[in-house]
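Student: Listed below, chain by chain, are the residues.
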Amino acid sequence: MAEQAISPKNKKILESSGPVGQNATIGSRLFDIFNYVFLTLVAFTTILPFIYIIGASFATEYEIATRPMFIIPQDATINAYRYIFSSNKILRGFGNSLFITAAGTAINLFFTVTMAYAISKPRLRGRNFFLNLVIFSMFFSGGMIPGYIVVANILNLKNTYWSVLLPGAISAYNMMIVKNFFQGIPQELEESASIDGCTDIGVLLRIVLPLSLPVLATFGLFYAVGHWNAYFSAMIYMTGAKEKWPLQVLLRELIIMSNGTAGDMTNMDPEFVQPPEQSIKMAVIVVSTVPIMCVYPFLQKYFVKGVMVGALKG
Amino acid sequence: MSTKAAERRKMHGTGKMYWRRLGADIKRDKWLYLLLLPGLVYFIVFKYLPMFGIVIAFENYVPFSGVLGSEWVGLKWFQYFFKFPAWTTYLVNTLILSLMNIIFYFPAPIILALMLNEMRSLRYKKLLQTLLYVPHFISIVIVVSITFVMFGPSGIVYKGTELLLGHPINYMGSPDTFRWMIIGQTIWKETGWGTIIFLAALTNVDTQLYEAAMVDGAGRLRRLWHITLPAIRSTIVLMLILRMGSVLDTGYDHLILMANPLNRKVSQTLDVFVYQQGIQSGQFSYASAIGLMKSIVSVTLVVSSNKIAHLLGEQGLY
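Protein chains in written order, with numbering that gives the first Met the number 0: chain B, 0 to 313; chain R, 0 to 317.
For the record, the hints were derived by calculation from the structure and aren't laboratory data.
Note that CB positions come from ideal geometry on N, CA and C, so glycine has one too.
Any given hint could be a false lead.
[Claimed, not checked] With beta-carbon atoms standing in for the labels, derived distance ranges:
hint, chain 1, residue 1, chain 2, residue 2, range
1, R, Gly281, B, Glu187, 53 to 63 Å
2, R, Met213, B, Arg122, 52 to 62 Å
3, B, Ile153, R, Arg263, 28 to 38 Å
4, R, Met213, B, Phe33, 16 to 26 Å
Modelling step: build the complete structure from the supplied sequences, incorporating the hints.
Tutor: This is how it looks when you write it as structure tokens:
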């Protein structure tokens, strides 16, 4: 198509023919070619690191050290994975991450749904006050240190799972979107249920929640990805409970701090002081990324819609 | 209007009536209030308690004495910071990183969105978007880890540079490369995701405008300049205002992963300072004071850049 456009005769035909040929000048065609090539390269750069890491995680240490560049290893081995799955530390980290993600998401959804439902009812006395309370907190925050003091010194949650589960229990932003969704459910449905003797909690459980499953799935996924990826609160609150560390904190210790350039060696574990082999590092990265990749197709299905809704109503 | 007023009268009533009605309403909605309770407690404990906790910036906070029992020292910590000779280093490092972020990262999603918008094949565009959004969902720890295994001494990029230039570049442990690594990571991770808001703004453009321009003989570049860009101008201004508000935020979760003694000179920003003083050294009051100063500057910047946007005839943030 592109070469054809260069010859003047074809150019004329293209210009006169339907939507494809609109303004198909040489400049325009060249721009199209450049656009396709450039964007393809950008997308390629985006995923190249993943492909490299996956490839190298199957390579032998010798190959990584001697061959300067490769994507597909010459002699593939699963030694790195064998090591990971025999290491108690990493398996426990994986388990902790799974637990924190599951429990955290359940807490998120419970807190978000209950508050969003109550606040979605115009008849609720004090509703405006509660709404403003939430909105104000979206613009102002106490900052890192006062938040830390509340969790660590006032509630005394250090070294417990609660310290990573509770502080982010509600995202005000998500809660407002769920609230808006609840408001869009026809009131007649809920009224007929309450005439039949349902309490508000009954209406929420039997009428509203079954209608909101796609919304709950969306926000559940968002919360879950957030928990899986979080490291900061676990790092600052669980300094004395390594057995509860999620994968991300372990990863920081294993790869970033063992690099010899790290300054903060106070939390170092003697087991990791010896830098681990490259292929093992790669394999740990793969293992901690796989769960995200598994839910990515579902995420992708929802997130654009979620962002749009947020942009319009948030 | 009159119905609204009547409703208000009905809702609030007067004197005794009001309280009786309030009691009746609360009784009627008792289950709703029960549902509200967990969320309300959450916001009070984890959002509002820390806001009141800012007072420790003016105290000599000792955990044992508590927030209310600690000694009041006024502006001591603020003066202490400005007497500390290196405070300008922290400020300069913060500003340089922020400025580089605005110059190199901020336009990236806009350019990418415009290019995606020019794609003719919708199916290919979708495929590219699918790939471009992936890094946003990867944790920053993994992004930094990937950087370490690729740019570190036994990594593929390190060796590649050695082959190409004849000498290696110490990407991960040098003050010269630190800022570029941070900006590069940010661009790699967030550019794709950042396009969404601009692409959303672009879908609102009336296609008739393009057709009319084409009839008038406007080429592709002129359509881009006169139709597409003006269509997303207010979104760009909005994003820039929001960005201005966080000009002193360099993101501690990213920076403390990349900071090490070798790049100390340039990696020490205000956020890193707050983290080191507050969480690592337990100087809670000192760190809160710096954090508070940062927030005050942020609010001032958002308000003033919003004003500038109004002066330029844009809608702005509010």
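Student: Each hint needs a verdict: does it hold in this structure or not?
Tutor: Results of checking the hints against the structure:
1. Evaluation of the 53 to 63 Å hint for Gly281 of chain R and Glu187 of chain B yields a pass: the beta carbon distance comes to about 58 Å.
2. Separated by about 54 Å at the C-beta atoms, Met213 of chain R and Arg122 of chain B satisfy the suggested range of 52 to 62 Å.
3. The hint said 28 to 38 Å for the Cβ distance between Ile153 of chain B and Arg263 of chain R, and at roughly 33 Å that hint holds.
4. One distance hint, 16 to 26 Å for the beta-carbon pair Met213 of chain R and Phe33 of chain B, holds here, with the actual separation near 21 Å.
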